[in-house]
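S.K.: What follows is each chain in one-letter form.
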Amino acid sequence: GDQIRTIDLFTRPQAAQPQEFQSIQLIAQEWRKLGLDVNVRVMPWEQMSDVVWYQRDNWDATAWQMVGRPERSDPDEIVFNLFHSTTADKGYNFIGYLNPEYDTVVEAERVEIDEAKRKELIDKAQEILAADQPNMMLVHPKQTFAFDKTVWDPASVVEQSGIGIRNTWTFMSLTPVGEQKDIILNSGDNVQAINPLYISGGVDSWVFELVYDRLVRVGPDGLPKAWAAESYEWKDDKTIAVTLREGMKWHDGEPVTPEDVKFSFETAVSGEAPMYAPFATNIENIAIDGSTITFTLKQPAASFVTSSLAKINLIPKHVWEPIIADLKTKEENAESYQEETPIGSGPFRFERWLTNEEIVLSANKDHFNAPKAERWILRIVPNVEAALGMLRSGEINFLAEFSGDPQVLLQAAEQDGDLETVSTVEMGFRYVAFNNRRPPFDDPAFRRALSTAVDRRLIVKAAYRGYAEPSNSVVSPALGFWHNEAVVEGFEAGHDVAVKILEDAGYTLEGDRLHYPGDQKETLAE
Amino acid sequence: MLDTTLPRPGFVARFFRSLRLPLNDPFAVAGLTIYAIFILTAIFADAIAPYDPTEILYTPDYDLAADLRPGEDGFILGTTSLGRDIFSQIVYGTRSALLIGLTAAFMVALIGSIVGLVSGYFGGWVDALLMRLADVAFGIPFLPFVIVLAAFLEPSIWNVVIAMALVLWRDTGRVIRSQVLTLRSRSYVDAARVSGSSDFKIILRHIAPNILPLSFLYGSIAIGWAILTEASISFLGFGDPQSISWGYMLQDAFASQALAKQAYYWFVPPGVCIILVVSAGFFITRGYENLLFPKLGR
Amino acid sequence: MSHLKAMASRALQLALVLWAVVTILFLMFRLMPGNPMAAYIDPTFTVEQQEALMAQFGLDKPLWEQYLIYLGNLLQGELGQSFRYREPVAERLMTLLPNTLILTFSSLIVAYTFGILAGAYLAWRRGSVVENTAIPLVLTTRAMPEFWLGMVLLAVFSFWLGWFPAGGTRPAGASYDSLWALYTSREFLSYLALPALTLAIYSQGLPLLLMRSNMLDVMKEDFVTMARIKGLSNWSVVVRHAARNALLPVMTSFAIAVGYQLQGNVVVESVFSWPGLGRELVNAVSASDYPLAQGAFLMIAVVVILMNLIADLLYSLLDPRISHA
Amino acid sequence: MTETLLSVRDLKVSYQVGKGSIDAVDGASFDVPRGSIVGLVGESGCGKTTVARALTRVIADNASITGGQILFDGQDIAALPEREMNALRWRDIAFIPQSAMNSLDPVYTVEYQLNEVLRRRGGLGRRQARARCEELFEMVGIEAGRLGDYPHQFSGGMRQRVAIALALALNPKLVIADEPVTALDVIVQRQILDQLRELQSMLGISVILVTHDISVVAYVCDRTVVMYAGRIAEAGPMDAVLMEPSHPYTMGLRNAFPDLKGAASGVLTPIEGAPPNLAFPPPGCRFAPRCPFAVETCTTQQPALGMVAPDHRVSCHRADEAVKLRQEAARTETWLADA
Amino acid sequence: MSKPPKPLVSVKDAQLHYRVGSAFSAMRGHSSVVKAVDGVTFEIQKGESVGLLGESGCGKTSMGRLLLKLEEATGGEIQFAGDALSGLKGPALKRYRAKAQLIFQNPFEAVNPRFTIRATLAEPLENAGIPAAEREGRIIEALELVRLPQPQQYLDRYPHQLSGGQLQRVVMARALILQPDFVVADEPVSMLDVSVRAGVLNVFRDVRDRLNLTAIYISHDLALVRYVCERTIVMYLGRIMEDGPTEDIVREPLHPYTKALVAAVPVPHPDQSHDPLPIGRGAPDPRNPPSGCVFRDRCPLAFDRCAKEAPALRPAGSRKVACHLF
Ligand SMILES: Nc1ncnc2c1ncn2[C@@H]1O[C@H](COP(=O)(O)OP(=O)(O)OP(=O)(O)O)[C@@H](O)[C@H]1O
Ligand SMILES: Nc1ncnc2c1ncn2[C@@H]1O[C@H](COP(=O)(O)OP(=O)(O)OP(=O)(O)O)[C@@H](O)[C@H]1O
Ligand SMILES: [Mg+2]
Ligand SMILES: [Mg+2]
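Chains as they are written, first to last, in the working numbering: chain A, 1 to 526; chain B, 1 to 298; chain C, 1 to 325; chain D, 1 to 339; chain E, 1 to 326.
Among the clues, some could well be false.
[What the hints assert, rightly or not] Derived lysine-lysine pairs resembling BS3-like cross-links, with alpha carbons at most 30 angstroms apart:
1) B:Lys201 x E:Lys69
2) A:Lys238 x A:Lys225
3) E:Lys259 x D:Lys261
4) A:Lys142 x B:Lys261
5) E:Lys99 x B:Lys201
6) C:Lys220 x D:Lys19
7) A:Lys330 x C:Lys220
8) D:Lys261 x C:Lys220
9) C:Lys61 x A:Lys90
10) A:Lys149 x A:Lys119
11) E:Lys12 x E:Lys259
12) B:Lys201 x A:Lys461
13) A:Lys90 x A:Lys328
14) B:Lys201 x E:Lys94
15) C:Lys220 x D:Lys12
16) A:Lys328 x C:Lys220
17) A:Lys149 x B:Lys261
18) A:Lys249 x A:Lys328
19) A:Lys225 x A:Lys372
20) B:Lys201 x E:Lys89
Source of the hints: derived by calculation from the structure; they are not laboratory data.
Generate coordinates for the entire structure from the input sequences, incorporating the hints supplied.
M.R.: Following this line, the structure appears as structure tokens:
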């Protein structure tokens, strides 16, 4: 066959994503050893995703990542949206993975309420993916965060499975040991908006998860836990009854009522909050009876509690009703509406927001789970070195984001003595997405070969400095229940393995360059 | 052309003479020497550098050769956190630094000189148009422009050059224009006109040689600008990781937390190289200033 | 009559330059790869949402129509809505502009005060050992990449010595009644110190070298010799006559330096977590947030153009040869 | 002979250039009587400005007074400590530079610059200074209303008048005017010279008038000093020097000047050649290479400044043949033959 | 007065107005026009040499530049040998360039410091299409014409290696090398030392006579003009005040301005008049010339009519005068 064209491999800039960048350098070097000409192209996230998402026929392979979020404790969002054929056209299956067998498995998984049966289906899905290698899974990074133990009682820090210690639970329970009662933490990204009806940047969610309550929150163990709901109960596989907690108050003093809850869910599908719509579209009806709210679903949904009840922010009807009514008459929707002072019912109240500098929240002492700290202050620090320096000097006391080398952090903690670090395997993961639409990536054998060519342990060591778990499954070991250990253990990697797969599939090396099997032509060379 | 009966010095020699290199200024000589050393390094980079600057290296025991201190395992200046040889990077970095610096300087000097010559000599609407264009170029903040350009085209060291060519001709252009204005009013230009020389000939013969040193001066300022800008652009993440430059090395160092790791060997060598080359340019520039505007100097 | 006409023509000229810059900006950003939609990509991102967003940002309209809308909005002082932050660009930038300006001006004032004094001193002491060592040193400061210098200062003065905080404009959670109260507070100074110092070190070279060479120039003027012959004191000769005259071009270079500095801020703001225009611009560009990037760029450009104008005016004001023509 | 105010004795000034040095003034001696105008003439580069500046002791950085005495009122100011010299400047010795445009500080008003001298150097109070300013302006014929103007607002002639006013501000004993009218038009030149003459006789001061134009000397000066290549060629009363020149150079100069009053058909006669390079002066008389009357000794031996008539000195080996030479010098052929 | 029918140069009501002032002075309403030449009319016959006299800034150089088409007239007409200068273009202009030449004030400025003397003199030859082989001979010839002894030794020197007098001769040689009909000399000796002035003037006179050149000699010094020219035109603020035979003007100036000018010229004699000049103090301001007669504000004889009406240049005996008194 023809010589395989130069393969473009996208990655983000080193300054933004050092580990990803380094992994890609290593991977490219391994692939070149197979006889491929690899061109690493560095571009900022927005450009990269523009190509990958909107020009689906136009790329070869790209570094990509899924981050851990509490709602993703249920594997449904990942296993369905990333690989199902319905999302291949314009949805998240941008790699164009089409496998009818896989489709059936995940369609069944969605509506299976029985956990044991569902677990089998999820395992099966992981196996199919391992065999097909539509993506090349790399690692589940370990999130490493740090805090000042002379300020915060280490016992009050909560490690959330798959997420790490930077989580809502920690912020609520952190207990000061001394004078300093403010949680001061850092973020490298700017806060984009604090809007309960808009899903914006990752940092934003740290803020609105504290300001707004939800009926259910995903607990530190990854399992849903009643929160603003006193309790919830499946009446049948399409009906769930939720009892609202008594005595809750909005930050402006008004009581939280079942009407507010109903309003919150209805607003999501009102057309004014398109981003939240997917989480509430499955609801057919919401009925109120005293403090009990009954949701009737259109279809059974295994993940409803995690992905809907634990996702929709509760918002005060008296504040938002006039706003929504006004927005109906305008071109904008609620996503671009920024309240002067966001009013929620959560454990922290909104105090102040200085553009690109800091956000200040104060403890809501009236909350049923009132925080121990007094204030929660988020500082925007784009320079990693500076963030670490600030932690050591006490300018911040909780390192909530650290994109640098974890070893450096550990070393700093050791030297300093006042710092404690906690590393947690993430439920998110890093991978290289293959464009399954384009040859040679349409050949599972080729994908498998590329994937096996790279020793994940080298990536873990060289790029992540040991702070990651090698991965071969989209379901992280952090989600212990759903994770299929076998797919990872059965994965064999190495240059020789890859060469053998390629040879078996008929690829040939001519000169130093890899050629297609048989008489396959290169159709995409420029 | 002028007179063929007499032997004339060769073109190259004449060119260098007309540049009027400030060889009697010790600073300028130091600058020229630094340039010479770096130019030689760039030319013979392949022979000097022991490794490919982008190659990820392994230690004899098949471990990644990352974070090695200078001298360890035979790496003269150590390795980066990705296991690349710093010395080789410095050597190859010379190449891109000079490539960027010299081409940018050439573009800036060339475009600026042409604009200045045409504008200053012909005056009238040509002048008005070109000077308004210069005003526009003055209105465009340079570094942001390069960033946008880097985002617009792909990250590449040439972005800096293109941006400089598009924007920075303005300074050279204006200065040369005013110089041309004074030259134009010199009697010998009138004399040339009276003796029947065409405009083109006058520009070429009587005016251009006089602004050559000035173009060269602005060119050497541009070298520094280009290298510094490339470094800043790399630092902000818009650089080209394929071609190793000193700016890239600096940003690599900071992305790898050189300060926290106290890995001075990551950022001192490229930093020193940048400072050397850019200062060398400034030294030469100053020598020139003393030469061109002797009343400035002492 | 001709007075008004000249004013009008000057204003027209300025407007033309601005229009050209605006148009270049518009085209540049529209033709740029990258898609503002990229910020929303999520496994739950649906087709309808994508289309709704395109319509909301007006990206479904033809280019010329977008251009006209953009120009129309500009004329009304609107810079559009940020894609990423979903808020009016002008509002957002106006909160950042004061930070950038104060950083720029404070660093330049330090740089110019120092540069002018040192430049005058070096001119006075020309040929001395001090001068011979100072000049290469000054040239070297201009040869250092700003971020490099910034990081080193950060490491030394913040991490190592702990004298100054590492980033931001104020202590965590501190609140002030007004911007004025913030800018006049002692804490603010400690936050301002390092970034301003970085910029100042970088920019002192220009006034210093300029002042020095102007001084040398002016000291050779007949009126300085005359001042000596008049038997005036050294101080009178050097300060009243030489320095006063040498200062003119240096002062006008200040206005132009403001323009350059605004551009240089981009890097320093990132190093010192300074919430300013430059950082915002970089973020906006990499996020393909056209309206925001365009707005930030435009704002910097306007300041630069204004400063060029002020430089012209300043010169004609400070130099009696022009102002009393 | 009236009392001598200034007596320059064997003054030597040299400039350091690269490794070598130029003896720009090499043994100049002349006297300035009280209340007289002395013209210092010579062609470009002969050292007139150097002498004039040496008298103020504000000289170029690379210049140094290497010998001789400058006796001012009996005191050798060449040897005076800098502080005492500075006290003397402007109060006793004032200076009018060639180009008043460049010698007035462009950023201050004329009044400021007058005040600076009157108050800082003259110790006058604000009121007195103001009155003196007005008085000075009246003296030089400019309306007092223009005191607040900047130098560039005056025309060339007026600026020269301002410079004169400035020089007279502290009633100095000696005013040194370095080519005060060279850059001006004939009409303005004449007006300024009239003014200078008038003020000088009114105030009884002494003036050294540096010029390269013997017509100017003829118009205003009492005495003439002719310089050639850093040396004094001839010095004496103005009419004696002009009408009965004893130095061939002076004779040549006379021939080279067009004369509006003379016959229309007159032919001008140039002195061929150029002044010597002062870095390598000829060993004997410096004029010898251009001199039609040069003899053997002239090229080997330096002539001394000798007396030809009372108060009239010439440095020429053939000074005693002056009358004969003068006749020969009047013929054009004399000068051409030697070309 | 009868004139030979065909003058070589004829200037009719020539004007040259410069627009001056920066954008800022314009803003304050200072933008203005300098009328460097404002309605000048005269004729020059073949072989005549005319002195253009007047104080600094009166427009002498400007007039010269107009005549050489270095500046385009903003009004009026200038003819050379019957052809209007304004219409000259391309080859015709080139031919004119060979016929009309300029000698400059400052010899050090008039030659390109980077050109050797040979290159300087070769330029006009080259432009005129003289073959390279002939040039050397022509150059030597021209240098001999201006009495530069042993011209060969200067050919490879650079301008700074020559004295002012020598260089001015080179400049003259360049002007003469194409054997022009018409030469404008703009203060050719004002930058030279007195002792060498005479030599250059003599060469000028000599060459003019030998080549039968038509010449304009620009100067502010009447004594020099008298030495070179038989006819003199006196200018003041862009206009002609008086035009006539030099000797007549020197002996008996008519116009009040000319009177002052003649009286002001210093002479190298101890015995001369010290009478005050018959002219007011102050300098002419070319941007705001007085109404009517431009000289009236300095004129001791000015009367009402002078403010209202600009006097025309009228014949008065052997010459023409622009004054209401004649
Ligand atoms: N600063 C200096 N350094 C070196 N040489 C100098 C300096 N100033 C003057 N000279 C030389 O000294 C000599 C005398 O110069 P000076 O200025 O006194 O002459 P001058 O008679 O005033 O001439 P001019 O008529 O041109 O003003 C000249 O040969 C000149 O080149
Ligand atoms: N290029 C120009 N732009 C504007 N004004 C000019 C220009 N050239 C000359 N002028 C002005 O025109 C007037 C006449 O100038 P011109 O040079 O012709 O005078 P001039 O008689 O030759 O004077 P000088 O004796 O000083 O050489 C002056 O007021 C001068 O300032
Ligand atoms: Mg002098
Ligand atoms: Mg002139």
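S.K.: Which constraints among the numbered hints does this structure fail? Numbers only, ascending.
M.R.: 7, 8, 10, 12 and 16
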